[in-house]
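Visitor: Fit chains B and C to the given chain A structure using the hints.
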Amino acid sequence: MSKRIDVKDLNVYYSKFLAVEDVNINIEARSVTAFIGPSGCGKSTFLRTLNRMHEVIPGARVEGEVLLDGDNLYDSAVDPVTVRSQIGMVFQRPNPFPTMSIRDNVLAGVKLNNRRISKSDADALVEKSLRGANLWNEVKDRLARPGSGLSGGQQQRLCIARAIAVSPEVILMDEPCSALDPISTLAIEDLINDLKSEYTVVIVTHNMQQAARVSEKTAFFNIAGTGKPGKLIEYGNTTDIFNVPSEKATEDYVSGRFG
Amino acid sequence: MSTNALRRTGGGGQSGDRIFSGASLAAGCLILGVLFSVAVFLIIQALPVFGADPAEITGGEGFFTYIFPIVIGTVIAAAIALLIATPLGIGVALFISHYAPRRFAQPFGYVIDLLAAIPSVVYGAWGYSVLAPQLALAYDWLARNMGWIPIFEGPASQTGRTMLTAGIVLAVMVLPIITSLSREIFLQTPSLHEEAALAMGATRWEMITMAVLPFARPGIISAAMLGLGRALGETMAVALVLSGGGLTASLIQSGNQTIAAEIALNFPEAFGLRLSELIAAGLVLFVITLAVNMIARWIISRHKEFSGAN
Amino acid sequence: MANATLTPRRSQLTKGKLPNWAMWAVLAGALILGAAVAALVGFSIISWAIFSAVFFIIAGTAVTGVAEGGRKARNRLALFLIYGAFIVALLPLLSVIWTVLERGVPGLSYNFLFTSMNGVTGAIDNESVAEGTPVLGGAYHAIVGTLQITLWATLISVPIGLLAAVYLVEYSTGGSLARAITFFVDVMTGIPSIVAGLFAAALFGQLFGPGTRTGFVAAVALSVLMIPVVVRSTEEMLKIVPNELREAAYALGVRKWRTITKVVVPTAISGIASGVTLAIARVIGETAPILVTAGFASSINWNVFGDWMSTLPTFIYYQILTPTSPTATDPSTQRAWAAALVLIIMVMLLNLVARLIARLFAPKTSR
Numbered sequence: 001m002s003k004r005i006d007v008k009d010l011n012v013y014y015s016k017f018l019a020v021e022d023v024n025i026n027i028e029a030r031s032v033t034a035f036i037g038p039s040g041c042g043k044s045t046f047l048r049t050l051n052r053m054h055e056v057i058p059g060a061r062v063e064g065e066v067l068l069d070g071d072n073l074y075d076s077a078v079d080p081v082t083v084r085s086q087i088g089m090v091f092q093r094p095n096p097f098p099t100m101s102i103r104d105n106v107l108a109g110v111k112l113n114n115r116r117i118s119k120s121d122a123d124a125l126v127e128k129s130l131r132g133a134n135l136w137n138e139v140k141d142r143l144a145r146p147g148s149g150l151s152g153g154q155q156q157r158l159c160i161a162r163a164i165a166v167s168p169e170v171i172l173m174d175e176p177c178s179a180l181d182p183i184s185t186l187a188i189e190d191l192i193n194d195l196k197s198e199y200t201v202v203i204v205t206h207n208m209q210q211a212a213r214v215s216e217k218t219a220f221f222n223i224a225g226t227g228k229p230g231k232l233i234e235y236g237n238t239t240d241i242f243n244v245p246s247e248k249a250t251e252d253y254v255s256g257r258f259g
Numbered sequence: 001m002s003t004n005a006l007r008r009t010g011g012g013g014q015s016g017d018r019i020f021s022g023a024s025l026a027a028g029c030l031i032l033g034v035l036f037s038v039a040v041f042l043i044i045q046a047l048p049v050f051g052a053d054p055a056e057i058t059g060g061e062g063f064f065t066y067i068f069p070i071v072i073g074t075v076i077a078a079a080i081a082l083l084i085a086t087p088l089g090i091g092v093a094l095f096i097s098h099y100a101p102r103r104f105a106q107p108f109g110y111v112i113d114l115l116a117a118i119p120s121v122v123y124g125a126w127g128y129s130v131l132a133p134q135l136a137l138a139y140d141w142l143a144r145n146m147g148w149i150p151i152f153e154g155p156a157s158q159t160g161r162t163m164l165t166a167g168i169v170l171a172v173m174v175l176p177i178i179t180s181l182s183r184e185i186f187l188q189t190p191s192l193h194e195e196a197a198l199a200m201g202a203t204r205w206e207m208i209t210m211a212v213l214p215f216a217r218p219g220i221i222s223a224a225m226l227g228l229g230r231a232l233g234e235t236m237a238v239a240l241v242l243s244g245g246g247l248t249a250s251l252i253q254s255g256n257q258t259i260a261a262e263i264a265l266n267f268p269e270a271f272g273l274r275l276s277e278l279i280a281a282g283l284v285l286f287v288i289t290l291a292v293n294m295i296a297r298w299i300i301s302r303h304k305e306f307s308g309a310n
Numbered sequence: 001m002a003n004a005t006l007t008p009r010r011s012q013l014t015k016g017k018l019p020n021w022a023m024w025a026v027l028a029g030a031l032i033l034g035a036a037v038a039a040l041v042g043f044s045i046i047s048w049a050i051f052s053a054v055f056f057i058i059a060g061t062a063v064t065g066v067a068e069g070g071r072k073a074r075n076r077l078a079l080f081l082i083y084g085a086f087i088v089a090l091l092p093l094l095s096v097i098w099t100v101l102e103r104g105v106p107g108l109s110y111n112f113l114f115t116s117m118n119g120v121t122g123a124i125d126n127e128s129v130a131e132g133t134p135v136l137g138g139a140y141h142a143i144v145g146t147l148q149i150t151l152w153a154t155l156i157s158v159p160i161g162l163l164a165a166v167y168l169v170e171y172s173t174g175g176s177l178a179r180a181i182t183f184f185v186d187v188m189t190g191i192p193s194i195v196a197g198l199f200a201a202a203l204f205g206q207l208f209g210p211g212t213r214t215g216f217v218a219a220v221a222l223s224v225l226m227i228p229v230v231v232r233s234t235e236e237m238l239k240i241v242p243n244e245l246r247e248a249a250y251a252l253g254v255r256k257w258r259t260i261t262k263v264v265v266p267t268a269i270s271g272i273a274s275g276v277t278l279a280i281a282r283v284i285g286e287t288a289p290i291l292v293t294a295g296f297a298s299s300i301n302w303n304v305f306g307d308w309m310s311t312l313p314t315f316i317y318y319q320i321l322t323p324t325s326p327t328a329t330d331p332s333t334q335r336a337w338a339a340a341l342v343l344i345i346m347v348m349l350l351n352l353v354a355r356l357i358a359r360l361f362a363p364k365t366s367r
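Quick note, the sequences are listed as chains A, B and C, same order. With the first letter of the first sequence counted as 1, position 236 gets the number 236 in the numbering used here; the numbers rise by one all the way through. With the first letter of the second sequence counted as 1, position 169 gets the number 169 in the numbering used here; the numbers rise by one all the way through. With the first letter of the third sequence counted as 1, position 73 gets the number 73 in the numbering used here; the numbers rise by one all the way through.
Just chain A, same shape as in the assembly (with noise of 0.2 angstroms):
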């Protein structure tokens, strides 16, 4: 499992307008990516292009090409639901189904897709993704529970078991601690430390301290000004970004003197 994601001269709009501009990077496999920038830079527009979650919103729409261990995501004939299932995300809040168990969450991209699975398997895969999520010792003995009665940092745990419970290539996190307690996006960051052995995992975040712990790459990504596209400024081995950046606006940035 867990593939590599390339990007070539991407450009993103919502309808007439450009969002994200001419973005080039290469992610590596089983490896932990940190996009980092201030508040309406894209890092978040460019995040959900590369599982087509764009589409969601209607008139965004993308230029370019993402290749997943060389297969186009934009090809004519690629069906988005097909990506999705290789590419999983996690979001900003925490979404467990409300009307579904702890288990039936963890379940639901085999459940929703109809695909048959034996009890036994099921059960399987509900411990080994619980599991891999740090969840399981918490609510093994609740299984049954509605998901929404955990606190927000299980919840988001859940949610992230819930994507890797569908096997995907690569998970892509949307700021994922940002409605989280100290204690529980500590868990999170050891849970994302422990994934990329076995994922390509993307973060997109706002703290740069999280960044510069999890990753082993940085993207920055910086806005000209309101109205202007978001652009990626800087691409690197994380401990370079954070200490000997290249670009002055990456080290105004990861200095604090903006954003």
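Take these hints with a grain of salt, some might be off.
Unchecked claim - These stretches of chain C come out as covered by chain B in the derived footprint (C-beta under 8 angstroms, 3 or more residues): (1) 92-102; (2) 206-217; (3) 279-291.
It is worth saying that the hints were derived from the structure and are not from the lab. Even glycine gets a Cβ: it sits at the ideal position worked out from N, Cα and C.
Guide: Frame of chain A, contents of chains B and C only:
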């Protein structure tokens, strides 16, 4: 690019997507289609009236002379209803949103909603057998003491089955509509505005006139207009309560008629040209209510940008 | 008030403010004066209440105005009028419910619920009045008709309304078709019920010849009234399903139609079901459209596709307006109010069920 592994589609569920979106699209179109065909059929069936010899129309002087008094009657009944129900509805809505003890506000809201749940025929029966006899006494007094005002001209109806009674029953029926819509708007008043007014030392009523009512004005107007639309089209209350007849100014004598009641009372026995007349009358009613509802909506949309509500 | 009399120094904050008992004193005065004036014009509870209320409002406002100033007086007057509005609004509700109970309960019997009006003539009613025997004839045929017509209306409206709402919320991108549907659903909301009846009558009259009146035509008429309610409430409910849930499902590689049927609709189902129940409650009491589409029958008809049919509302209407026996109207009146009671019980039950559904089956979200 023929090797693109992503081209395999999983599960073959794409046809499900197509069927489901097709079905929901079809349902939307069906609504449009049925409305369109119904409009066409109604017009076809109403047409004979306009080609007919005026002498054959009820009243013997053509469709306009036939429809004019009942249009006026419809408007009078709805106007009475609105004059009573609008201030009352706003008062009740304010009571529930700003005056009632917090604990009781919601139950009180349910109680008023119960008014909307009672079927119109029950209101009609109530107006016919309970309210009208009571009001007959009051009408008698009005005719004796205020008979110089044209709308209270005597002799008062002995049964109380008059336009004013019908209007009052209609008011009761539109009250919950006006109340529930206004209540919702009142509750949406930004509490910052309310607190700002109170912090300046305003009394509760001043706070309401400064913060709540200006904010809610378009909402109240549209609530009243929607109530008007309901009152114009309401059938049973009038059909049962009003002892109809020709157009008269006095609201406490029997007389006057509304379009809806005219149709309900005569349709079951109607055939031929009479049927066309009633269908044409129905079209007139439809156009009037449509216009009222459109105006209501136009007011809302025009005021939306100023109200601060998003 | 103990404070005002016992503490030597009055608080600066209560200076110039009426003591709490002042309004009770005004009320007592108003009641006495009201009783006196009411006695002059002919005493009754109603006139006493009206006069007392008027005196109380005037005097209460005046006293406040003198003691506390004009601003406080206006505040007090508004308070009186707003409480008064609520009380006035309650009166018709209480009166209607009391009337229906008082006059409906005596007529409510097994015989009433399970016999039709088949064979019940004016002569029979005259006899039961003259000899004091129990009133014969009942509303069984009307109950059957009501249930059947409402059932068919529901069967027509719910799928169309649900799917149209799904189209509007989940599929449309605000194009002209969606705007047209929204517009015409709005138009339908404002259609007077009698015109909806004419719609169905015209439609079937054109297709199957004039004068086609069956339960099914009535069901179509009720659907015209019901569809916009279902579309509206479903639309509202689908809109409040957080987008995050849709995105979560899409991100798992779930197809859109499965996301809608397995995630979005189940999340909103309690609201949708309660909206549908309220829509049923609304149309079950409709009279006017039935009058012009289903005609009137006095015997049981199980076939919605053939012959005329009665419903409870039309049964009430005809029993009151054209009593079975023109000379002895009491049996007809009794039947009408018993039918009204049955109808109101049905409507109230539906409303209750709607609230219960909304409360019991709401998904337990943490927010």
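Visitor: If a hint holds in the structure, say so; if it doesn't, say that too.
Guide: Hints, one by one, checked against the model:
1. As drawn, the stretch 92-102 of chain C meets chain B at 6 residues by the rule of a beta-carbon pair under 8 angstroms; at three or more, the given contact holds.
2. For the stretch 206-217 of chain C, the stated coverage by chain B holds: 3 residues have a C-beta nearer than 8 angstroms to a C-beta of that chain, and at least 3 were required.
3. With 7 residues carrying a beta carbon less than 8 angstroms from a beta carbon of chain B, the stretch 279-291 of chain C meets the three-residue requirement, and the given coverage holds.
In this structure, every one of the numbered hints holds.
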